[in-house]
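Novice: Protein chains in written order, with the working numbering: chain A, 1 to 426; chain B, 1 to 274; chain C, 1 to 461.
Derived by calculation from the structure, the hints in this document are not laboratory data. Every value quoted in this text rests on a predicted model; they were computed, and no experiment measured them. Incorrect hints may have been included.
[Stated by the list, open to error] Only some residues are given here: those of chain C computed to face chain B with a beta carbon under 10 Å: (1) R164; (2) G168; (3) L169; (4) D345; (5) E356.
[Unchecked claim] Heads up, incomplete: computed chain A residues facing chain C, CB under 8 Å, no partners named: (6) P293; (7) V361; (8) V365.
Cβ atoms here follow ideal geometry from the backbone N, Cα and C, with glycine treated the same way.
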Amino acid sequence: MTNTNLTQRQIIEAGLKKRYRKERAFKAAGVISIIFGLSWLVLLFGDIIGKGMPAFKSTMIQLSVNLDADDLGIDPEDATTFNKGNYDRVIRNAIRSEFAEVKSRGDRRSLGRIVSSNAGYDLRDLIKENPTLINTQASVWVKADSVVDDYFKNYYSPQKPGHILTDKQLIWVNDLIDRDKVTFQFNKGFFTSSDSRDPESAGVAGALKGSVLALIVCLVLAFPIAIAAAVYLEEFAPKNRLTDIIEVNINNLAAVPSIIFGLLGLAIFLNLFGMPRSAPLLGGMVLALMTLPTIIISARAAIKAVPPSIREAAYGLGASKMQVVLHHVIPLAMPGMLTGAIIGIAQALGETAPLLMIGMVAFIVDIPQGITDPATVLPVQIYLWSDSPERGFVANTSAAIMVLLGVLITMNLSAVLLRKRLEKRW
Amino acid sequence: MKLVDNVTEHTIPKDTVGTPFSDNAEISVRNVDVFYGEKQAIHNVSLDIGKNEVIAMIGPSGCGKSTFLRVLNRMNDTIDICRVTGEIIHDGENIYAPKTDVVPLRARVGMVFQKPNPFPKSIYDNVAYGPKLHGIASRRTDLDEIVETSLTKAGLWNEVKDRLHTPGTGLSGGQQQRLCIARTIAVNPEVILMDEPCSALDPIATAKIEELIAELSTNYTIAIVTHSMQQAARVSNRTAYFHLGHLVEVNPTEQVFTNPDHALTEAYITGRFG
Amino acid sequence: MQLSSLFTLLVIAAAVAYFVGYSRSTSKGLDIGGVHKLSSLPSQYGTLALMWCLLPGVSLILTWLLVENSLLNAMIIKVLPASAQALSEGEQSLLISQVKSTAAGVAGLNVAAEIKQAADLYSGWVTRSRMYLSGLSIAVIILTIALLYKKIADTTRARNKIERVLEGLFMMSSLIAILTTLGIVLSVIYESWIFFSHVSPIDFMFGTHWSPQMAMREDQAGSSGAFGAVPLFVGTLLISFIALSIAVPAGLMTAIYLSEYAHAKVRNIVKPALEILAGIPTVVYGFFAAVTVAPFMRDSAAALDIALSPESALIAGVVMGVMIIPFVSSLSDDVINAVPQSLRDGSLGLGATHSETIRQVVIPAALPGIVGSILLAGSRAIGETMIVVMAAGLAANLTVNPLEAVTTVTVQIVTILVGDQEFDSPKTLAAFALGLMLFFTTLMLNFIALHVTKKYQERYD
Ligand SMILES: Nc1ncnc2c1ncn2[C@@H]1O[C@H](COP(=O)(O)OP(=O)(O)O)[C@@H](O)[C@H]1O
Ligand SMILES: [Mg+2]
Numbered sequence: 001m002t003n004t005n006l007t008q009r010q011i012i013e014a015g016l017k018k019r020y021r022k023e024r025a026f027k028a029a030g031v032i033s034i035i036f037g038l039s040w041l042v043l044l045f046g047d048i049i050g051k052g053m054p055a056f057k058s059t060m061i062q063l064s065v066n067l068d069a070d071d072l073g074i075d076p077e078d079a080t081t082f083n084k085g086n087y088d089r090v091i092r093n094a095i096r097s098e099f100a101e102v103k104s105r106g107d108r109r110s111l112g113r114i115v116s117s118n119a120g121y122d123l124r125d126l127i128k129e130n131p132t133l134i135n136t137q138a139s140v141w142v143k144a145d146s147v148v149d150d151y152f153k154n155y156y157s158p159q160k161p162g163h164i165l166t167d168k169q170l171i172w173v174n175d176l177i178d179r180d181k182v183t184f185q186f187n188k189g190f191f192t193s194s195d196s197r198d199p200e201s202a203g204v205a206g207a208l209k210g211s212v213l214a215l216i217v218c219l220v221l222a223f224p225i226a227i228a229a230a231v232y233l234e235e236f237a238p239k240n241r242l243t244d245i246i247e248v249n250i251n252n253l254a255a256v257p258s259i260i261f262g263l264l265g266l267a268i269f270l271n272l273f274g275m276p277r278s279a280p281l282l283g284g285m286v287l288a289l290m291t292l293p294t295i296i297i298s299a300r301a302a303i304k305a306v307p308p309s310i311r312e313a314a315y316g317l318g319a320s321k322m323q324v325v326l327h328h329v330i331p332l333a334m335p336g337m338l339t340g341a342i343i344g345i346a347q348a349l350g351e352t353a354p355l356l357m358i359g360m361v362a363f364i365v366d367i368p369q370g371i372t373d374p375a376t377v378l379p380v381q382i383y384l385w386s387d388s389p390e391r392g393f394v395a396n397t398s399a400a401i402m403v404l405l406g407v408l409i410t411m412n413l414s415a416v417l418l419r420k421r422l423e424k425r426w
Numbered sequence: 001m002k003l004v005d006n007v008t009e010h011t012i013p014k015d016t017v018g019t020p021f022s023d024n025a026e027i028s029v030r031n032v033d034v035f036y037g038e039k040q041a042i043h044n045v046s047l048d049i050g051k052n053e054v055i056a057m058i059g060p061s062g063c064g065k066s067t068f069l070r071v072l073n074r075m076n077d078t079i080d081i082c083r084v085t086g087e088i089i090h091d092g093e094n095i096y097a098p099k100t101d102v103v104p105l106r107a108r109v110g111m112v113f114q115k116p117n118p119f120p121k122s123i124y125d126n127v128a129y130g131p132k133l134h135g136i137a138s139r140r141t142d143l144d145e146i147v148e149t150s151l152t153k154a155g156l157w158n159e160v161k162d163r164l165h166t167p168g169t170g171l172s173g174g175q176q177q178r179l180c181i182a183r184t185i186a187v188n189p190e191v192i193l194m195d196e197p198c199s200a201l202d203p204i205a206t207a208k209i210e211e212l213i214a215e216l217s218t219n220y221t222i223a224i225v226t227h228s229m230q231q232a233a234r235v236s237n238r239t240a241y242f243h244l245g246h247l248v249e250v251n252p253t254e255q256v257f258t259n260p261d262h263a264l265t266e267a268y269i270t271g272r273f274g
Numbered sequence: 001m002q003l004s005s006l007f008t009l010l011v012i013a014a015a016v017a018y019f020v021g022y023s024r025s026t027s028k029g030l031d032i033g034g035v036h037k038l039s040s041l042p043s044q045y046g047t048l049a050l051m052w053c054l055l056p057g058v059s060l061i062l063t064w065l066l067v068e069n070s071l072l073n074a075m076i077i078k079v080l081p082a083s084a085q086a087l088s089e090g091e092q093s094l095l096i097s098q099v100k101s102t103a104a105g106v107a108g109l110n111v112a113a114e115i116k117q118a119a120d121l122y123s124g125w126v127t128r129s130r131m132y133l134s135g136l137s138i139a140v141i142i143l144t145i146a147l148l149y150k151k152i153a154d155t156t157r158a159r160n161k162i163e164r165v166l167e168g169l170f171m172m173s174s175l176i177a178i179l180t181t182l183g184i185v186l187s188v189i190y191e192s193w194i195f196f197s198h199v200s201p202i203d204f205m206f207g208t209h210w211s212p213q214m215a216m217r218e219d220q221a222g223s224s225g226a227f228g229a230v231p232l233f234v235g236t237l238l239i240s241f242i243a244l245s246i247a248v249p250a251g252l253m254t255a256i257y258l259s260e261y262a263h264a265k266v267r268n269i270v271k272p273a274l275e276i277l278a279g280i281p282t283v284v285y286g287f288f289a290a291v292t293v294a295p296f297m298r299d300s301a302a303a304l305d306i307a308l309s310p311e312s313a314l315i316a317g318v319v320m321g322v323m324i325i326p327f328v329s330s331l332s333d334d335v336i337n338a339v340p341q342s343l344r345d346g347s348l349g350l351g352a353t354h355s356e357t358i359r360q361v362v363i364p365a366a367l368p369g370i371v372g373s374i375l376l377a378g379s380r381a382i383g384e385t386m387i388v389v390m391a392a393g394l395a396a397n398l399t400v401n402p403l404e405a406v407t408t409v410t411v412q413i414v415t416i417l418v419g420d421q422e423f424d425s426p427k428t429l430a431a432f433a434l435g436l437m438l439f440f441t442t443l444m445l446n447f448i449a450l451h452v453t454k455k456y457q458e459r460y461d
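If we strip away everything but chain A, and leave its shape as in the complex, we get (with noise of 0.2 Å):
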């Protein structure tokens, strides 16, 4: 007997190190998982960040500008006129003076080309909101054109990385720079404008303006139908086959491809209702179906989490069944609804393949003003600026998603501070 044991035992000892060799592997594998997740995590962030940061600044060029009533082709006394002032010769006569030197007309084109094509709207609106600059010599910043901008900020850079400036507009731009003349502003545009072809002038609020307003419908519907479907299948419904099917269904639908969802926005809400295309009442609809079996499920287990105790003194009470839903189910499930709401409004303001199917991806540079006005969404609008080759809109795609994530994240700490006040109450 303690002969065998003691060659066992001999065996057994012979053997630990090969398995603890294993169990060292195979703990070195899950941190490497961990590792190679969070390092994504990090990767991703710091790119988006590193590219986005620079889309939140914008490039100004210093001009001194001549805005006499009768160049600009407006009458200071009535302020309807202002629209159709000739802004842009202004700006052009005022870059031009800068560089008195230059004369031939193609030099002259080139040189103005060194300013935004949209310079002119910002000097307009500028004029609007202090009329007392007409007929002054002003000292303005305008906006310098994405080129120039992209030039700019990679200007401090030790590897200024290519540019596509011209010979003779970089000599300008350098000129401009030494002279103090170009500076960085916070790009308040980015936040204040919609869309455009122009980088430098493009923004997110069109985009945000049509998610808030495609969430809300999405809310709308969404959020009653699932809080009484949830009611009716956990409170009302009789256990039976219609139940079970519609139990195995909102799970599957759950998990059904969101690009599908598109396709039946498409068929139903398009082509056979008629209703209006582009429109965040047609996305919010879209994606109200979508998270319904997401809110209906967390609807569901906060209801679950009720404790029977409540429903049985209401009950004791001589309330009726609807009664104790109403006054006592409803309100104590009410925080969990919430936060099954915000998760599923989070995930929908995220989603982006179905709106693409319901015409949501036009290029739109009208703020959207109510749910039937043509609109695009903040991810739309990533992918839309996903595709444009130029470098600003890199960078703009990568502060939108900035703006998306910040958004994301806000909604997603709200659900979980939700989620840690109800628990704390049960």
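For chain A, the structure is supplied; the task is to place chains B and C with the ligands on it using the hints.
Specialist: Showing chains B and C with the ligands alone in chain A's frame:
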């Protein structure tokens, strides 16, 4: 000396009475305290477990029997907040010494749990699991032999020999528990720890396991936790009575059930609390 | 009458109904000796009256609006010249939208006379339709209020009725999920049906040449070979396979490490961090793949003398795999935690190491659940759209070489349907046939996965 009327289940016992020590110890426990976080579950317990004896641990639920048993092969290592002080000597070495390796320790001190827990594998693979892990048997024929002898020792061979490759989870509760015993003896341990091995079984299955324990005691040292005093009386040579994490009394089983030394023991076996 | 004013009217009517219900029940109550003698509260009678008023009104308006469009479309075609009626459905729908935009005044100046005429007629019909609708709604509202005035009586148990109506509404809400599924199934099947009348299902399912653009030309419309979807299926499976071969091991090991080895502190930081990865919209991954990962991987491959297409399956698959890691790990985490501790104890008690216990006991015990999560992850990968739209190719190469460009089912659906589509052209309909395949494949995967997981959970309950 026995002031039965003065003890309640909240009485804190002092020192262990009776005969906790032995000349022929397989495992010697000395001054062991066990903590779960801040809470102390075992207070200064010293006890010898003799070679080839069956020692039963009894006591009210929550008094630390399972904790004590799990400390003996460091199963409590799986609980993060659990902390052990004192010494447990097995084969001349303190099993809580930093250099002690739990893997071979647990091969030498096996454990059978309260609820039968066969792995979701075939009966054969359940029994062969330990020997394969430890490399005790590498050839198929050796493995076959170990499986057969273990199942035979566990009194299960005749019932399962025709379906060795069906899932172990398909057996009845009593058979599952005997499978778990076979699984434990397949690695040929010196000590088998059993934590209420019959609490989930019906009386007939219980009787079979008790018979098995009697047979196994010729080859193995067995420490068994039980909530049934009858069972302790039937299977064990010595009985240890735990109370609120203290070891109150250790004595030959007959004495504990007929003439206990400590008032608390008497109160417990007469059913005044439990 | 404008729709908005119609709804305003409805709200006013509802308020009136509430008031009628309230005051009638109060006066009835006074007749029989006090409001408390009524079987329900006056406010409950009011609510009931409000429901009676709103339900028929709202359903009338909604049904009307839903039916109106199809009817008007048919009527527009009728008044267009006979040549229009011979056109295909797709060309007709183009004409219809022309008529509608002319009516709305957003069409250009040079519109054909017939279209203009139809547009004028159309505007007239819309006005008339809305007039009928308004008249009918007002009639319904007046009728209900009149009925209410007569019927609200002390014997009416208002509360029970309100509750029954509410319960009905709740039930209808739960049916919306079914309606959605039905809507999906019907729309994809219907459009695919038309598609398969142009293109044989055999050619679609087994053809190896996909080039929907070419089929736009008259002589090639529906010609066999142009709609062979095999390259798409292979591309989809290839990318999904690459994604899963990254996501499954990494996700599973992450879940195992976090639930079996990691300290609570580490777990509490790493888990939410990884969940961020799951919450990042796929369009962001697509951008990241196309703008950062693709150039980087192409350059690295070039340094090793490997030609890697920037639209290769490999790049899209890797990024998709990263996206799915947290999905796999959180599903596996649930599954692994469901394995009872007693099994782990049994194995550890025999002297197994931690990793032996995990590999030989925990994972086999959790296998059905793990398989379920892998199936769900697979369905996720197959249906994933934005990453492949932005990082995979458009050209339908039939290849299993991960270094080459491939396209997928979802990419083709998006490419076909984004922008102007003519309904009814085989090209547009092909998107629905692809959608049909996608829907049923993922549905089947989900169904099996949910079934397996449910069975597994029941086992350890
Ligand atoms: N994993 C654990 N964590 C914290 N406390 C525990 C744990 N296991 C047991 N305890 C506590 O230790 C004491 C002894 O428990 P236990 O050994 O299971 O008693 P017995 O087996 O005698 O019923 C009890 O008070 C119990 O609450
Ligand atoms: Mg116990």
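Novice: Are the hints correct? Go through all of them and say.
Specialist: Taking the hints in turn, this is what the structure says about them:
1. At about 49 Å, the closest approach between the beta carbon of R164 (chain C) and any beta carbon in chain B exceeds 10 Å, and the interface hint on this residue is violated.
2. With its C-beta approaching chain B no nearer than about 47 Å, G168 (chain C) sits outside the 10 Å limit, and its interface hint is violated.
3. Using the Cβ-Cβ criterion of 10 Å, the hint placing L169 (chain C) at the interface with chain B is not satisfied: the shortest such distance is roughly 47 Å.
4. Here the hint on D345 (chain C) is kept, as its CB sits about 6 Å from the closest CB of chain B, short of 10 Å.
5. Here the hint on E356 (chain C) is kept, as its CB sits about 6 Å from the closest CB of chain B, short of 10 Å.
6. Proximity of P293 (chain A) to chain C holds as hinted, the smallest CB-CB distance being about 6 Å (cut-off 8 Å).
7. Hint status for V361 (chain A): holds, given a least beta-carbon distance of 6 Å to chain C, under 8 Å.
8. Hint on V365 (chain A) is violated. Least Cβ distance to chain C is approximately 16 Å, over the 8 Å limit.
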